[in-house]
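Enquirer: Here is how the chains run, residue by residue.
There are 2 protein chains.
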Amino acid sequence: MGDLSLIKCIAFDADDTLWVNETYFLETEQAYCELFKDIIPEKEMSEKLFATEMRNLSIYGFGVKSFTLSMIETALNLNHPSVTKERISKALKLGQDLLKQPVEVFPEVNQILVQLKNKYRLIVATKGDLHHQERKLKDTGMEAFFHHIEIMSDKKEKNYLNLLNHLDIKPQQFLMIGNSLKSDIEPVINIGAQAIHIPFHHTWEFEKASQQPLNQKNYFQVEKITDIMTIIPI
Amino acid sequence: MGDLSLIKCIAFDADDTLWVNETYFLETEQAYCELFKDIIPEKEMSEKLFATEMRNLSIYGFGVKSFTLSMIETALNLNHPSVTKERISKALKLGQDLLKQPVEVFPEVNQILVQLKNKYRLIVATKGDLHHQERKLKDTGMEAFFHHIEIMSDKKEKNYLNLLNHLDIKPQQFLMIGNSLKSDIEPVINIGAQAIHIPFHHTWEFEKASQQPLNQKNYFQVEKITDIMTIIPI
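As you go down the protein sequences, you meet chains A and B in turn.
Numbering-wise, the first sequence is residues 1 to 234 according to our numbering.
Numbering-wise, the second sequence is residues 1 to 234 according to our numbering.
Keep in mind that the hints were calculated from the coordinates and are not lab data.
Check before you lean on any hint, since a few could be wrong.
You can't tell identical chains apart in this list, so a pair holds if it fits in one copy or across any two.
As the list claims (entries may be wrong) - In the DSS-like style, the derived pairs of lysine-lysine whose C-alpha atoms are separated by at most 30 Å in a straight line are:
no., residue 1, residue 2
1, K93, K156
2, K158, K100
3, K37, K182
4, K119, K182
5, K85, K158
Small disclaimer: the values here were computed from a predicted structure and weren't measured.
Sequences are here, hints too, so could you generate the full structure?
Expert: Shown next as structure tokens:
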């Protein structure tokens, strides 16, 4: 088991850790697939979209804008006369609506952050788009709790090592809290830092890819975000 | 005149400061406008695109993906039967090509960074997309020179104040180097930090908007990036 008394900086993943995200992505994807269901079965369209997203990942990276561009590309690639410009416009609009989606913060997040802020440097560490994540923090009034937002182009060991270097702290002084085993937990414990996993009921296909067994000694798992207060020293 | 002997951290704007950028954006925009020139005069299309970009700025932010989404939206909004899906696909492809564009670093940038790195903390401070800017730094081998990339959702006084807080330094210890008076110079000198302006021959319409007269005492202007070595103490 790690030693949380050493922690100086706590990094929170944003989407599906501080607020609901994947649920809205799924709703958008469902609306998108439904838009073309007279041309292609929804499940097949969803698979095509995921394939486009993965193909584009190296040039687009993560976030809603990348997702929207992949929705448009997937529709165009159907190469079907019934894929009208009106439908492409609707796909574009779905992406804009997703960006404008009001933020649904998990219960009691603010109360937790108020308490933690006095003792720790709090940051947000996310793969999302800075512009979009800043807007969400501002809309929820949570920006005052965080020292800064750390946008990570990916969440692999190398990216976390860069982050520690950037923060000028040692691995054991860093605690990551997030919902993705693949992105928030595994790479963090692999570099000797500490992590708390809070599973979310929806997980994006990309984040499910992990097969690696975890050393259960090096991280904690809790059910909901308020439970972290039972293990982090205050 | 500022006192550069106080400087601890030097932040470089990336696009059009370390490498050519606006030139490629302009070429892409020209190719895009040409794609629809049988429907609408190129100048008019360019104005429509800029209007879409400005309208979308609050939800999309800056960068090539935002630009691509605005290219697609502008074409769809022409609402013209000759705007075929093939043309929309070409607009999408123009954006992808822009993201894949090889990086043309300004002459002798590497030599300068090698020298500065020993004495100062160097960072990249950019409004671009992290994924894209990291790729450029990696491709050019310049990533080793920089402590980290600071992605800024905007470059206003408030954003620079956040950055100084994040870096834990005082304004007079911070030097910003960039090509945009509006984004890299004015807000920086307004918060009491220091700046060096290196004009680039192409400036995006958005960056031209500044009308504010500058207090010439608080910043330097040089012709090319190598000239900064004549004023920064080594």
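Enquirer: Indicate, hint by hint, whether the structure satisfies it.
Expert: These are the hints, each one checked on the structure:
no.	hint	verdict
1	K93 - K156	between (32 Å within a copy, 29 Å between copies)
2	K158 - K100	between (32 Å within a copy, 23 Å between copies)
3	K37 - K182	neither (32 Å within a copy, 48 Å between copies)
4	K119 - K182	within (28 Å within a copy, 38 Å between copies)
5	K85 - K158	neither (42 Å within a copy, 41 Å between copies)
In summary, the structure is inconsistent with hints 3, 5 from the numbered list given earlier, while agreeing with the others.
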